Amino acid sequence: MDILQLVIVIAVLILLVKPLGTYVYQVFANEPSRLDRLYGGTERLIFRMIGLKQRAGMSWKVYALSFVATNIILVVLSYIILSLQFALPLNPNAIGGMEPTLTFNTVISFMTNTNLQHYSGESSLSYLSQMAVIMMMMFTSAATGFSVAIAFIRGVTGKGKSVGNFFEDFVKANTRIFLPVSFVIMLVLVALQVPQTLDPTLTVKTLEGAVQQIAIGPVASLEAIKHLGTNGGGFFGANSAHPFENPSPLTNVIEILSMWALPAALPYTFGLFAKNKKQGWVIFSAMMCLFLVFLTVAFASEKVGNPAMNALGIDAAQGSMEGKEVRFGIAQSALFTTVTAAATTGSVNNMHDTLTPLGGMVPLAEMMLNVVFGGKGVGIINMLMYAILAVFICGLMVGRTPEFLQRKIEPREMKLIAIAILTHPIIILIPTAIAFMTDAGQGAISNAGYHGISQVLYEFTSSAANNGSGFEGLSDNTPFWNISTGLVMLLGRYVSMIVMLAVAGSLMEKQPVPETLGTFRTDNKLFTVLLIGTVLLIGALTFLPTVVLGPVAEYLTLR
Amino acid sequence: MDDLSKTSSPKDSSLLSVSIRISILFMIICGIIYPLASTGAAQLLFPSHANGSLLKDSSGQIVGSELIGQSFEDPSLFQGRVSSIAYNAAASGSNNYGPSNPALMERTEASIKEWKANNPDVSIDRLPIDLVTNSGSGLDPHITVQAANIQIPRISKLTGLSSAVLQDLVKEHTEGRDLAIFGEERVNVLMLNTALAALHK
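The listed protein sequences derive, respectively, from chains A and B.
Its first residue numbered 1, the first sequence is counted upward by one per residue in our numbering.
Its first residue numbered 560, the second sequence is counted upward by one per residue in our numbering.
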């Protein structure tokens, strides 16, 4: 039954890829379609209100400037709301203002689609902050990432100078995808018992006559966009392990599919843009192969359980249940963990800090690779970056000029890609080292020994990959952690996005090279294997030593 | 912000103005209209779910939410999982003990010892791991069917209710896998105890 329920969810996902990928293509292809009749009216009104008359195409530079400017303005507005929440309406639980470094961390975290949370929602945010800052940024950061991914795809597959109009893409991502789909998911979740109210915390008298406080609020509306936008920030501290956020295995499956479906559909959308569906499936297969390996490790490791606990003489046949919920068991927990790290959502339905060593290594490794489906938009960009790298390496080996989608890959693109590839490990490993060398960093570790190394490494990897989950035992609400992870999240998000837009802009201006018999094909099984190999090679070269120091060492010493 | 106007060509002179307007507009649409419309629709269509699935006992008194676990000190009631926050649902979470953390072993060994003292008739190799581990939320409303069944000898002794009656009660409150496939079989402790309390009275 365990394996069967995993297979069914994966099968449903695969069935969703084609229709959803086609829909996303229709939304962004800027060709007249039936969708215009449905959404055109609303969108024209919005375009008029924001003063977007021509919707002229943008060069990659203007596109980058537009999304950075919009993000900066949203960050400033949100910072003001969080700081003044005590004086603003919709604060029935009388929550005070937020401390400045925590506010800095929180607004960066949500704008970068990371949703690392150094606060607990139920005790630190007013309902207005949950709505106008958290939910708002869940939409806008997802729409930003999605738009940039589409612009990148247009650049890699198109010709000319324009990668599209950022504001138009941003509006359409919201009006045609995130808002309507979130609303439907929200209703389904409420039907399955997720609360949605503006009433303050409940006080009830328990069966034994004690008083129990129950935090509640507009949970379902947040839960829907939290997953659809691969955001991951919970309404409550316990995130999707909380019975109000995720009351049943069925809601668990719905949440898994809502975070997974769009990133999984994007390779198909890419195939449609490239006018070569096989090319899209090649990228998808590479992602899925890696995913299945990770899922197997996570499931097996959690099912076998913690050897120290198993030695206590109790019936441990269920597997490692520390930090997990009974309704989900091992299968639904392992699947959620593998998907949330793959799609860089960062929501959790079990506590990652309590995972067995190899089980905890899975989300860590997925975030280090950052290409197994990947977050809203970013995953496909990263995977295509590795595809270009794979073409380049193979081209060098056979002594030909590398080409990808009939464009020559030349030093300018490779230099930019090198920047993008190196940024990720640099912003993980250097801050991790600094944390170990300072009291402010070390002091936060709550699990001594090798597991402590994993805690710190996980925190920065999660920030750099814009995932947002954590080994939450880490006492990370201090100025050191708020500022350091804030900076890592910023760099992790914007450096690679801007650099990869530059790559797209540069590829776009090249003369297409006609395909010949000698052209190295990138749309067959061989290339899938080469792509996976490149990803693993780069990942292993960069991160293997730290992974050995953390989870592997803990695994080997745990008896 | 000076940089913006300098780098923008005349055609894009409204880039900054569009950025500001789009930010404010979407703050209103996504941050105010969407959650308020959601709340309205949810309250209209599923009022009981939207307000936390509150549970009433036989006399109509609200005793909690069926989704949120409670701590049960009384040994004649079924007990739920370990909760580091003592089922205080104003917060949520666990103590996040890593698998190699000595505190995890200490806490679990203490739980096992307490179990032995309260349930001398059941050998510990039948004690399922979910009863001595902390749930992720600290609010887990469920235990496994096995975890409910092995508490029957103790509860039978303390309440005088026969094992058969209690077994039926557990069976009645066993929830199957969702759609017969997803998740695990489970028993809602608060609902089970509410029924037990009604029976006992």
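Heads up, some of the hints might be wrong.
Unchecked claim - Computed cross-link-like contacts, BS3-like style, restricted to lysine-lysine with a CA-CA straight-line distance of at most 30 Å:
| no. | chain 1 | residue 1 | chain 2 | residue 2 |
| --- | --- | --- | --- | --- |
| 1 | B | Lys615 | B | Lys730 |
| 2 | B | Lys716 | A | Lys205 |
| 3 | A | Lys159 | A | Lys53 |
| 4 | B | Lys672 | A | Lys53 |
| 5 | A | Lys278 | A | Lys415 |
| 6 | A | Lys161 | B | Lys730 |
| 7 | A | Lys415 | A | Lys525 |
| 8 | A | Lys525 | A | Lys278 |
| 9 | A | Lys415 | A | Lys303 |
| 10 | A | Lys415 | B | Lys675 |
| 11 | B | Lys672 | B | Lys615 |
| 12 | A | Lys61 | A | Lys159 |
| 13 | B | Lys615 | A | Lys303 |
| 14 | A | Lys277 | A | Lys161 |
| 15 | A | Lys303 | B | Lys716 |
| 16 | A | Lys18 | A | Lys275 |
| 17 | A | Lys303 | A | Lys61 |
| 18 | A | Lys303 | A | Lys18 |
What the hints assert, rightly or not - Looking from chain B toward chain A, a few residues come up when the C-beta cut is under 10 Å (computed):
| no. | residue |
| --- | --- |
| 19 | Cys589 |
| 20 | Tyr593 |
| 21 | Leu690 |
| 22 | Ser715 |
| 23 | Leu717 |
| 24 | Ser721 |
| 25 | Arg745 |
| 26 | Val746 |
FYI, nobody ran anything at the bench for these hints, they're computed from the structure.
Model, not experiment: these values are computed from the prediction.
Glycine residues also receive a C-beta, built at the ideal position from the N, C-alpha and C atoms.
Taking the hints in turn, this is what the structure says about them:
Restraint check for B:Lys615 and B:Lys730: satisfied, since their Cα atoms lie roughly 21 Å apart, inside the 30 Å limit. Using a Cα cut-off of 30 Å, the hinted pair B:Lys716 and A:Lys205 holds, with the two alpha carbons roughly 27 Å apart. With a C-alpha separation of about 24 Å, the suggested pair A:Lys159 and A:Lys53 falls inside the 30 Å cut-off, and the hint holds. This hinted pair does not check out: B:Lys672 and A:Lys53 have alpha carbons roughly 73 Å apart, beyond 30 Å.
For the given pair, A:Lys278 sits about 28 Å from A:Lys415 by alpha-carbon distance, which is consistent with the 30 Å threshold. Between the alpha carbons of A:Lys161 and B:Lys730 the distance comes to roughly 68 Å, so the proposed pair goes past 30 Å and is violated. Distance hint between A:Lys415 and A:Lys525 is fulfilled; the C-alpha atoms sit about 28 Å from each other, no more than 30 Å. Taken as a hint, the A:Lys525 and A:Lys278 pair is honoured in the structure, with Cα atoms around 10 Å apart against an allowance of 30 Å.
Restraint check: the Cα-Cα separation between A:Lys415 and A:Lys303 comes to about 44 Å, which exceeds 30 Å; the hinted pair is violated. About 66 Å separates the Cα atoms of A:Lys415 and B:Lys675, which puts this hinted pair outside 30 Å; it is violated. Restraint check: the Cα-Cα separation between B:Lys672 and B:Lys615 comes to about 34 Å, which exceeds 30 Å; the hinted pair is violated. The hinted pair formed by A:Lys61 and A:Lys159 meets the criterion: a straight-line CA distance of about 16 Å does not exceed 30 Å.
Pair hint B:Lys615 plus A:Lys303 does not hold up; C-alpha atoms about 37 Å apart against a cutoff of 30 Å. Among the hinted pairs, A:Lys277 with A:Lys161 is consistent with the structure: their alpha-carbon atoms are about 24 Å apart, no more than 30 Å. Of the supplied pair hints, the one linking A:Lys303 and B:Lys716 is violated, its CA atoms being roughly 35 Å apart against a limit of 30 Å. For the hint linking A:Lys18 to A:Lys275, the alpha-carbon distance of about 14 Å falls within 30 Å, and the restraint holds.
At most 30 Å may separate the alpha-carbon atoms for a hinted pair to count; A:Lys303 and A:Lys61 exceed this at roughly 49 Å. For a cut-off of 30 Å, the pair hint linking A:Lys303 to A:Lys18 is broken: about 33 Å separates their Cα positions. At a threshold of 10 Å, the smallest CB-CB gap from B:Cys589 to chain A is about 4 Å, leaving the interface hint in force. Given the 10 Å rule on beta carbons, the hint for B:Tyr593 holds: about 6 Å separates it from the nearest Cβ of chain A.
The interface hint given for B:Leu690 holds, since its Cβ lies 8 Å from the closest Cβ of chain A, which is under the 10 Å cut-off. For B:Ser715, the shortest C-beta to C-beta distance to chain A is roughly 19 Å, which exceeds 10 Å, and the interface hint is violated. Because the closest C-beta pair between B:Leu717 and chain A is about 15 Å apart, greater than 10 Å, the hint is violated. Hint on B:Ser721 is violated. Least Cβ distance to chain A is approximately 22 Å, over the 10 Å limit.
The beta carbon of B:Arg745 comes within 5 Å of a beta carbon in chain A, closer than 10 Å, and the hint placing it at the interface holds. Residue-level restraint check for B:Val746 holds (minimum Cβ-Cβ distance to chain A is 9 Å; threshold 10 Å).
Figure legend: structure checked against the earlier numbered hints; hints not met, in rising order: 4, 6, 9, 10, 11, 13, 15, 17, 18, 22, 23, 24.
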